[in-house]
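Using the sequences provided together with the hints, build the complete structure.
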Amino acid sequence: MMKKLSMATALCALTAGAGFAQGIDVKLGVLNDRSGTYADLSGEGSAVATRMAVEDFGAAEKGINVEVISADHQNKPDVGSNIARQWYDVDGVNAIIDVPTSSVALAVADITAEANGVLLDSGAGSTSLTRDQCQPTTVHWTYDTAALANGTGGAVTKAGGKKWFFLTADYAFGHSLEENTMAVVKDNGGEVVGNVRHPFPSQDFSSYLLQAQGSGADVIGLANAGGDTVNAIKQASEFGITQAGQSLAALLMFVTDVHSLGAETAQGLNLTEAFYWDQNDATREWSARFEEQMGAKPTMVHAGAYSATMAYLAAVEALGSAEDGRAIVAKMKEMEFDDPLFGKVTVRGDGRAIHDMYLFEVKSPDQSEGEWDLYNQISSISGDDAFLPMLEECDFTKK
Amino acid sequence: MGQLLLGLINGAFYAILSLGLAVIFGLLNIINFAHGALYMAGAFVAWMLLNYVGIGYWPALILSPLIVGAFGILLERTMMSRLYKLDHLYGLLLTFGLALIIQGLFRNYYGISGLPYQIPSQLSGGQNLGFMFLPNYRGWVVVASVVVCFGTWFMIEKTRLGAYLRAATENPALVGAFGVNVPLLITLTYGFGVGLAGFAGVLAAPIYSVNPNMGADLIIVVFAVVVIGGMGSILGAIVTGYMLGIVEGLTRVFYPEGSAVVIFVIMAIVLLIKPEGLFGKEAR
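As they're listed, the protein sequences go chains A and B.
When you line the first sequence up against the working numbering, it's residues 1 to 399, in that order.
When you line the second sequence up against the working numbering, it's residues 1 to 284, in that order.
Take these hints with a grain of salt, some might be off.
Residues on chain B that point at chain A, a partial pick, calculated with CB under 10 Å [as the list claims (entries may be wrong)]:
hint, residue
1, Gly-7
2, Gly-111
3, Ile-119
4, Leu-129
5, Met-132
6, Pro-135
7, Asn-213
Simulated from the structure, these hints should not be mistaken for laboratory data.
Keep in mind it's a predicted model, so treat the numbers as computed, not measured.
All residues carry an ideal CB built from backbone N, CA and C; glycine is no exception.
What follows is the structure, encoded as structure tokens:
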């Protein structure tokens with residue numbers, strides 16, 4: 001009797017072992033804002049994009065079993081930290097994806113390094129993720145404030161907008177975007193004639209706009225995001241700011257924000273993005289599939305969640321395991337990705353993904369042929385010009 | 001000078017919203033936390049009328065408050081009327097819960113980034129006043145708000161209907177004995193107060209982002225306005241609304257970082273010195 005039992009146990013162990021060797025289990029957690037200001041530009045859309053990546057990668061056929069879960073960090077660092085800890089320590093999550101809102105992203109980056117997981121950040125903007133708070137387990141995929149400053153700030157200054165006035169959201173992200181853009185403006189021979197910092201979030205910008213109007217600036221730089229940017233632009237058009245010869249530069253704007261303003265109000269705005277749905281056949285095809293599920297076109301944050309997940313899965317496949325976060329990120333830094341949405345992408349030693357950025361202009365209502373037909377591409381900026389150079393101490397490939 | 005005028009315009013929104021709150025609190029004793037959500041609903045109804053039915057701004061200015069008011073009456077009849085005998089706290093909790101549900105529903109269907117709504121063509125453009133450029137629409141907001149506020153004040157303080165209303169809140173049983181239908185009066189009052197919120201929502205739609213959180217962002221400030229003016233005081237709500245709009249506008253020029261706080265600082269000071277509010281009656 002005993003003998004039979006132990007035989008059975010041994011058999012079980014054998015088959016289980018064989019099964020494990022064939023399949024790699026991966027658990028991905030999409031952590032972002034699902035109810036607040038950033039819910040449309042990240043939110044459920046990023047979870048959908050991640051699942052599309054798992055499918056398109058053919059994970060199941062390659063013996064990689066992927067499970068995707070998601071949660072709402074409510075734009076609060078404490079809430080985000082708790083979820084991240086729970087995911088790594090209890091639920092066995094291997095990688096956390098998206099994480100907009102820089103303060104939350106920085107907190108999650110630290111926890112990820114402690115837990116030896118992977119942070120594939122698409123939604124956050126702060127350059128700190130790959131600079132003063134860089135981690136060997138962080139990959140910052142889509143954009144950062146420096147790229148936005150180089151794109152929009154550089155283009156507008158070169159086009160003759162020499163005198164700048166900044167309207168800045170009074171918190172970490174706004175300050176960082178303002179600082180990056182001021183540097184770019186000065187490098188291109190422009191000057192900063194003033195700035196005003198408004199509480200976040202604000203409803204009414206008329207008072208600040210009047211100050212900007214009185215400053216004699218050529219360009220009013222909006223170093224804010226989401227509803228604040230939308231309100232500021234709506235009211236600038238109402239106060240005849242653009243008609244009077246001053247121009248607006250929205251330093252961070254997503255296609256969902258432009259859609260919310262409408263082409264009538266937003267026309268002529270310059271903005272920088274890493275992705276636009278109507279760039280080529282591949283982006284159009286992918287965006288149409290995305291729209292079927294979400295009912296709206298994807299933002300660059302959604303596209304970033306997709307392509308970062310593809311790259312991550314490629315590294316996991318090459319290593320044959322998803323357990324060691326540091327090893328996976330190191331592998332990603334060795335590889336080159338030819339992505340349908342972002343084109344050629346490499347990941348630098350500090351975790352910064354390098355790809356082209358694009359400068360767009362919002363179409364006028366006559367040019368626009370549909371509610372999402374919103375951008376004309378003006379130029380592309382190569383990844384090396386768009387992002388800040390790497391800091392030596394953050395080059396984890398040399399450590 | 002220009003900044004003073006801008007402050008007055010923002011004050012116009014505070015005044016209409018706090019007026020609605022004051023009417024509801026003064027006559028029904030309900031602290032209506034759903035006010036912000038209904039203001040948002042007013043803006044969304046205007047957008048829906050335009051996009052689903054093709055009804056423009058001007059009819060929406062009448063229709064949307066009526067629709068929101070009717071919705072308010074439904075809420076009052078089915079839910080709030082059960083709470084009048086209980087402590088204020090229950091009404092507060094109920095309306096707060098309703099606000100969250102309404103916001104959640106709109107967020108679910110329309111997302112968070114907001115919807116476009118254009119200024120009506122008759123009011124686009126603006127006047128150059130010499131010291132500033134005044135958009136026509138902002139001028140219209142001030143005029144509309146002054147008319148509505150004065151009209152409401154006049155109706156409640158100077159007409160027979162207003163006298164019934166005030167009497168019904170003092171002593172409902174006695175007024176009922178004279179043959180006045182008190183519950184109907186109260187229901188209509190709630191509908192009217194909520195309709196004011198809807199009206200403010202339509203006024204706001206062309207200049208502020210129409211999104212599900214627009215009311216939540218504003219309601220806290222409006223409550224501060226009502227407290228400063230004196231809970232339930234109609235004149236207090238109106239005057240304080242305009243006044244605080246101006247104070248906030250000036251803070252934006254001299255110390256912009258503090259503009260979100262200044263109203264609450266004033267509220268704290270007023271509560272310390274005159275706890276019943278600037279225009280409040282002594283607690284009975």
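Is the interface hint for Pro-135 of chain B satisfied, with its Cβ closer than 10 Å to some Cβ of chain A? Check passed: Cβ of Pro-135 of chain B comes within 5 Å of chain A, closer than 10 Å.
Next item in the hint list is Ile-119 of chain B. Is there a CB on chain A closer than 10 Å to its CB? holds, 7 Å
So, Gly-111 of chain B near chain A? Judge it on the closest CB pair being under 10 Å. holds, 4 Å
Would the stated hint for Gly-7 of chain B survive a check requiring a Cβ distance to chain A of less than 10 Å? Cβ of Gly-7 of chain B sits 8 Å from chain A, so the hint holds.
Hint check: is the beta carbon of Leu-129 of chain B less than 10 Å from a beta carbon of chain A? Since the shortest Cβ distance to chain A is 12 Å, the answer is violated.
Is the interface hint for Met-132 of chain B satisfied, with its Cβ closer than 10 Å to some Cβ of chain A? holds, 7 Å
Can we keep the Asn-213 of chain B interface hint, with Cβ of chain A closer than 10 Å? holds, 7 Å
The structure is inconsistent with hint 4 alone, although it conforms to all the rest.
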